Amino acid sequence: MIRETMTVALVLVVLASCADPAGESADGTDAVSTRQAIGDYEQVTLGDVRLWAHGIPGDGSGEGAIVSGTLGLDVEGSCLFLERDGQRFPVVWPHGTELLDDDPVRIGLSNGPEVTVGMQLEGGGGSGQAALYPFGIPDSCVSSTGEVARFNQQSPIQASG
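In this text, residue positions in the sequence shown follow the numbering used here: the first is 1, and each later residue adds one.
If you're looking for bench data, these hints aren't it; they were derived computationally from the structure.
Source: prediction; values computed, not measured.
Where a beta carbon is used, it is the ideal one built from N, C-alpha and C, also for glycine.
Be aware that a few hints might be false.
Cβ-Cβ distance ranges computed for the label pairs, FRET-style [said to hold, decoys possible]:
#, residue 1, residue 2, range
1, 75, 100, 15 to 21 Å
2, 64, 139, 28 to 34 Å
3, 134, 65, 28 to 34 Å
4, 139, 57, 19 to 25 Å
Use the sequences and the hints to build the structure in full.
Shown next, in the form of structure tokens:
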């Protein structure tokens, strides 16, 4: 009986050591994101943070401009943005981008590194007016230009810092 109890205890210890703590929020609870399709896009929400991504993988084509800036989080609007030259640009991420944690914010790119607030990002894409997107972008997330930074659907993103 003692041997069986020891075996069960050992199995439980081994299984517990295999758990992935990356899926926990700051309060120790499991962080679970939700995805909502909005037209050709997805809104991914985790806790009080949301991001918008292409809803379909695309064919590898895209705009030829470079999208770059420092990743930031607007707490009031609960949205991520790129800051460049003192302007904020809400971000449309490549297809398959995931919110891994909301405190601190960690983003998993389908074709690039894991990124966090404060990192410099650069990838292929372009921009468009916030009012043209089918999801509601809070005013606090948009600068006076009204533009959104949009990475291409399959754009690899370089990150530093």
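Do the hints match the structure? See the list:
no. : hint                 : verdict
1   : 75 / 100: 15 to 21 Å : holds, 19 Å
2   : 64 / 139: 28 to 34 Å : holds, 30 Å
3   : 134 / 65: 28 to 34 Å : violated, 22 Å
4   : 139 / 57: 19 to 25 Å : violated, 31 Å
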